[in-house]
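Undergrad: Respectively, the protein sequence lines represent chains A and V. Be aware that the first sequence starts at 329, since it is given in this note's numbering, and climbs by one per residue. Be aware that the second sequence starts at 331, since it is given in this note's numbering, and climbs by one per residue.
Hints in this document: simulated from the structure, not taken from any laboratory. Keep in mind it's a predicted model, so treat the numbers as computed, not measured. Every residue gets a Cβ at the ideal spot worked out from N, C-alpha and C, and that includes glycine.
Calculated cross-link-like contacts (lysine-lysine; reagent style BS3-like; alpha-carbon spacing at most 30 Å): (1) V:417 to A:929; (2) V:335 to A:929; (3) V:663 to A:369; (4) A:958 to V:604; (5) A:444 to A:777; (6) A:874 to V:663; (7) A:874 to V:493; (8) V:663 to A:875; (9) A:922 to V:419; (10) A:922 to V:528; (11) A:922 to V:604; (12) A:748 to A:798; (13) V:413 to A:929; (14) A:922 to A:511; (15) V:604 to A:874; (16) A:682 to A:361; (17) V:528 to A:929; (18) V:663 to V:493; (19) A:929 to V:604; (20) V:604 to A:875; (21) A:664 to A:798; (22) A:875 to V:493; (23) A:958 to A:595; (24) V:419 to A:929; (25) A:958 to V:528.
Here chain A is said to cover these stretches of chain V; the calculated rule only asks that three of the stretch's residues, wherever they fall, bring their Cβ under 8 Å from a Cβ of chain A: (26) 368 to 380; (27) 512 to 522; (28) 656 to 662; (29) 677 to 691.
What the simulated footprint calls covered on chain A by chain V, stretch by stretch (three residues with Cβ under 8 Å from a Cβ of chain V suffice, anywhere in the stretch; the number is not a length): (30) 387 to 394; (31) 917 to 928.
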Amino acid sequence: MSFQIRSSQFDVALMTGPRVSHFPSIGVRTLSKLCADFGLKVAWLGGDELQARGVIPGPQGGAVVLAQDAQARIHRMEVRSVVRLSLPQSFPEPFEGWRSQGLVPYETAVALDLSKQMDWNPSIVILGSGNRALRWASHLLETGVREVYCIESLDLSKNFSKLYAGWEVEFRRFQMLGGRFVKARLLSLQQKSALLWELRVLDEKGVRILETTRVICAGPFSLRPGVREYPQGSLLFEMDQTALATKSEDVEGWVSEEVRARWIAVKLIRTLVQMSALQREEHERIHRRSRRQIRQIDLHKTESFQPGFQGKWLDRASSERLRSFSGVPTATLRPKGVASIECIENIECNLCEKACPEGAISLVSGRKGDENILKQDLCTACGLCLVACPSRTPVLIEERESSQALLVFAAPAHHEWVEKQWVTLLNRKGDSLGTARLVRVLDEPSTPKTKLLEVEVPSHLIWEARSVRKPRTGAAVDETFLKALHRHEREENKVEILLDGVKRFARDQIPLSLALLEMGHARADDVLNCVDASCGRCVGIVDGQKKFLCAEKVHRGMAVRLDTRADSQLQFEVTSSDQVEICPCLGMSRGQLKSLIRQGKLNSPEAICSLTQVGGGGCHGQLCFDSVRKIMIDEGVDSENFVDWRFPTQDWSLNLSG
Amino acid sequence: MSHTKDLICIGTGVAPLIAAAQALEEGRSVLVLNPDRDFFRENSELPIDPFYLSEGYLKNSTKVSPDDFNTLALRVRQSDAEKVHEKLKPYFPGSFDLISGDDLSPSVASVRSRSRLWVTQDRALAEDFALHLQEQDVHFQFAEGVRALRFFPGISSRIFSAKHFEETEDYFGILMHRLADIDVDRYRLGLLDFMREKLGAEGILTHVSQLKIKEKDLYFHSPTQGPMQVEYGEVRFFYTPQMESWMDSIAHGLSQENQWHSFKNMFQPCFWEKWSLISRDPIDPTWVGQFDGMIAWSENRSISILHKTQNSGNANARHANAMIPWVSHDSFKNIGSLCHQLLKWDRFSLRAVSVYSTFYQVNRLTSRLRLRDTVTVEGLSSGFLGDIADAVCGVNS
Numbered sequence: 329m330s331f332q333i334r335s336s337q338f339d340v341a342l343m344t345g346p347r348v349s350h351f352p353s354i355g356v357r358t359l360s361k362l363c364a365d366f367g368l369k370v371a372w373l374g375g376d377e378l379q380a381r382g383v384i385p386g387p388q389g390g391a392v393v394l395a396q397d398a399q400a401r402i403h404r405m406e407v408r409s410v411v412r413l414s415l416p417q418s419f420p421e422p423f424e425g426w427r428s429q430g431l432v433p434y435e436t437a438v439a440l441d442l443s444k445q446m447d448w449n450p451s452i453v454i455l456g457s458g459n460r461a462l463r464w465a466s467h468l469l470e471t472g473v474r475e476v477y478c479i480e481s482l483d484l485s486k487n488f489s490k491l492y493a494g495w496e497v498e499f500r501r502f503q504m505l506g507g508r509f510v511k512a513r514l515l516s517l518q519q520k521s522a523l524l525w526e527l528r529v530l531d532e533k534g535v536r537i538l539e540t541t542r543v544i545c546a547g548p549f550s551l552r553p554g555v556r557e558y559p560q561g562s563l564l565f566e567m568d569q570t571a572l573a574t575k576s577e578d579v580e581g582w583v584s585e586e587v588r589a590r591w592i593a594v595k596l597i598r599t600l601v602q603m604s605a606l607q608r609e610e611h612e613r614i615h616r617r618s619r620r621q622i623r624q625i626d627l628h629k630t631e632s633f634q635p636g637f638q639g640k641w642l643d644r645a646s647s648e649r650l651r652s653f654s655g656v657p658t659a660t661l662r663p664k665g666v667a668s669i670e671c672i673e674n675i676e677c678n679l680c681e682k683a684c685p686e687g688a689i690s691l692v693s694g695r696k697g698d699e700n701i702l703k704q705d706l707c708t709a710c711g712l713c714l715v716a717c718p719s720r721t722p723v724l725i726e727e728r729e730s731s732q733a734l735l736v737f738a739a740p741a742h743h744e745w746v747e748k749q750w751v752t753l754l755n756r757k758g759d760s761l762g763t764a765r766l767v768r769v770l771d772e773p774s775t776p777k778t779k780l781l782e783v784e785v786p787s788h789l790i791w792e793a794r795s796v797r798k799p800r801t802g803a804a805v806d807e808t809f810l811k812a813l814h815r816h817e818r819e820e821n822k823v824e825i826l827l828d829g830v831k832r833f834a835r836d837q838i839p840l841s842l843a844l845l846e847m848g849h850a851r852a853d854d855v856l857n858c859v860d861a862s863c864g865r866c867v868g869i870v871d872g873q874k875k876f877l878c879a880e881k882v883h884r885g886m887a888v889r890l891d892t893r894a895d896s897q898l899q900f901e902v903t904s905s906d907q908v909e910i911c912p913c914l915g916m917s918r919g920q921l922k923s924l925i926r927q928g929k930l931n932s933p934e935a936i937c938s939l940t941q942v943g944g945g946g947c948h949g950q951l952c953f954d955s956v957r958k959i960m961i962d963e964g965v966d967s968e969n970f971v972d973w974r975f976p977t978q979d980w981s982l983n984l985s986g
Numbered sequence: 331m332s333h334t335k336d337l338i339c340i341g342t343g344v345a346p347l348i349a350a351a352q353a354l355e356e357g358r359s360v361l362v363l364n365p366d367r368d369f370f371r372e373n374s375e376l377p378i379d380p381f382y383l384s385e386g387y388l389k390n391s392t393k394v395s396p397d398d399f400n401t402l403a404l405r406v407r408q409s410d411a412e413k414v415h416e417k418l419k420p421y422f423p424g425s426f427d428l429i430s431g432d433d434l435s436p437s438v439a440s441v442r443s444r445s446r447l448w449v450t451q452d453r454a455l456a457e458d459f460a461l462h463l464q465e466q467d468v469h470f471q472f473a474e475g476v477r478a479l480r481f482f483p484g485i486s487s488r489i490f491s492a493k494h495f496e497e498t499e500d501y502f503g504i505l506m507h508r509l510a511d512i513d514v515d516r517y518r519l520g521l522l523d524f525m526r527e528k529l530g531a532e533g534i535l536t537h538v539s540q541l542k543i544k545e546k547d548l549y550f551h552s553p554t555q556g557p558m559q560v561e562y563g564e565v566r567f568f569y570t571p572q573m574e575s576w577m578d579s580i581a582h583g584l585s586q587e588n589q590w591h592s593f594k595n596m597f598q599p600c601f602w603e604k605w606s607l608i609s610r611d612p613i614d615p616t617w618v619g620q621f622d623g624m625i626a627w628s629e630n631r632s633i634s635i636l637h638k639t640q641n642s643g644n645a646n647a648r649h650a651n652a653m654i655p656w657v658s659h660d661s662f663k664n665i666g667s668l669c670h671q672l673l674k675w676d677r678f679s680l681r682a683v684s685v686y687s688t689f690y691q692v693n694r695l696t697s698r699l700r701l702r703d704t705v706t707v708e709g710l711s712s713g714f715l716g717d718i719a720d721a722v723c724g725v726n727s
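Next up, chain A with everything else stripped away, as it sits in the complex:
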């Protein structure tokens, strides 16, 4: 038996929490660059090579961080500051039946979608209505899911979602694609068949029953700040990871993560670096930029734009505001047409500006009022801004001296668009404005996801029509639906496995927990699909041995036995919200936790964690801790910024024979 511990010292450790997929994200890169520029030693703990296993906060600030590398060697680092990237809250407030495989977190849903094995039809419910939820909903609608609901349940009294920059743009796209938005309280979720669930919600008209293939938790489910320092002054930070792999996938998430990282960097540099005069100047410059960006991001709250309608038409006020916006062209009667940039909301996205080769779009200086956003004289109607926009907001307008005009829209590339056929014109909220002829499908410019469609529309609709779809047909002749329906038949590479004594077909070499989700035989414990066994929940017997299913790959002839006792205990006879189980690891209900807090007169998050052990179970709070925090706040315990630094973020094993 021998241990080799590698000790080192760093100023800042940037580490990932459980299930964080993108590393290093923009936040990590920004933060480390700024810190390194000021001479701070920065450690990256994430990805496949070196993973952080635990943080032990020091009494005077700073911490000891333990990490393990790909060869299972242990690294011990003394650091003056820690920044941990975590996923935003994954689950909504617990409700009856929430602990079931029907309710899957967004990250699991994305993994299932990438595998292209899930058939989301006929209907999907997405909980939350933030940008990420709406974008995912739009994606599903574009890929042929017939009905997608976004349910906002966080704060029904406020227009919560508008807290996010760029929300209006996403919402318009979602509506144009036919998505449905509901503000309602979640009541219960009950399984009807392997791939059909019944979600009951309470909206202003009463109880509504939605039948759905899955309920996807996309959030946001809380209004917590994106950066938490706990304990105050300790330089131990937790930061929400909102950016995806590329900026165009989620501009708002990307920019907000970057801003958060810059804010932390400013604080760390000020505390940890003895600055020279020159450095102080540079620090001040970064600080100013950070403050300006934060102000800019907040602007959309006061300067938002949601179009009003009179029937299907824009009302006068909205129309006037739109036409007077400096991104919208004043002269559209041009031989080649002109782009119309209609992002009236004050958002940080400038992908169209970067895409324009002529410099005809200046969003940054245009929003300051220094110049027009669109310099229409420079626009050559090349269409590059249309394909660059992830929300497909810009259009090309070519007005003619006749009753017909040409509009060019960006549309999903995987649809089979046929020239000279009729398409349905849609307004900004997805209502049909009639049919129009698809004149041309442009080959250039295009991307794998987007194609440009040239559509002939009546001239009076050029400021109303903002999208097209194929005319609705019955399911029996809907190509997208039929394609999705027969996807499994085309799928190869499936092998036979024995699941609880029954023969099943699963894709070869994929994680077993993912295979169970695809087949509809997963348990509530499998929904986190963490891949690294960090939740410690998905235990099963594989070929006679107890294993974590997410860490096991499917292979031909494997025998799997699932422990379904936990699921069989899921009851749908909950009579009050206090009976809802919030901590599945400890089997604790909301009422039990509340009474423990009251009985013990516990008034700090540490005391509650220490005495009730919540968050200390196998999943380390991944399933329950957001709900626990909410209960703490309801019970008058200040835990808004509490970060559970309990060690470790994942289970780990040390091979003593090594």
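Chain V: place on chain A using the hints.
TA: Here is chain V on its own, set in the frame of chain A:
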């Protein structure tokens, strides 16, 4: 703002609260001040009594010295669960139960009655200790081999296999029954809650700074109350490692640096780690095991091991960054050795590590320093002497 208080207790742990509670009972007016952001952040009360009375051990000698067996046996006798419960109950405001070892979810503060298994590989040492226990009239059993090890928390069922059976013959154990294990978290939180209720928001102040002691007045700044001046009858500092730099400046202000310097050198820092590991075998919650200076017990479906760090007892560690000694190579080695050699595990899964800092008194001439007639510094080394019971009794004595 100006006030008058009979007693001002200053500290970060449980001792100032007990002193304040005692003074309240006597009808004196009290103010409690804490330079730290909150109470108990330093964890200067250990979760279990390590029964270390050997200064030699704390100075990194690897074994308990036979010279210390007499006091250790006395300590065991004093740790009878019923006696400790009786001793502590009067000072605790609220329900304080005596429970059995297998009661896994007590809802109130309690003293748990647990059996202690002290294991060694040195037969002579075990017999010597047994002799001392006999002299103190402590009820115990002497066991060898598997009979000694089978109660050790987390022990693998592999010890009964032919392969390991022979190895176990080298172990000797002393089994002691009905010893106290105090629910430290609930005790101190219950006490804090009671004192907050009694004294109100203005009576217990945390995060205080800029403290100055004059002839009759104490000046300080509180984030909630702002600058304050309090006329005092008596000031009692309860020294913990966290307060060191704070105390340095106070002694400097009172021109007592030399006295303070020699006083604080009587105390050496001691850093502890509590490792929580997942046990693959069921753990008997009624037993606490002790081997090679490490104490193992069942806690919340996992096995907890209290381990003293290598840097404990090193005076320089006090001045360095206090996080340095934690989870070092030696900690891994010692925990690994316990799991591998004694428990017969082939691997372990780590669930959590929490850290504690206490101090022990090198020279037991005095545990009190008088900075002025009405200003004293108390050095209550609760972690060294045992657990929270020492702090309670120490303050009240």
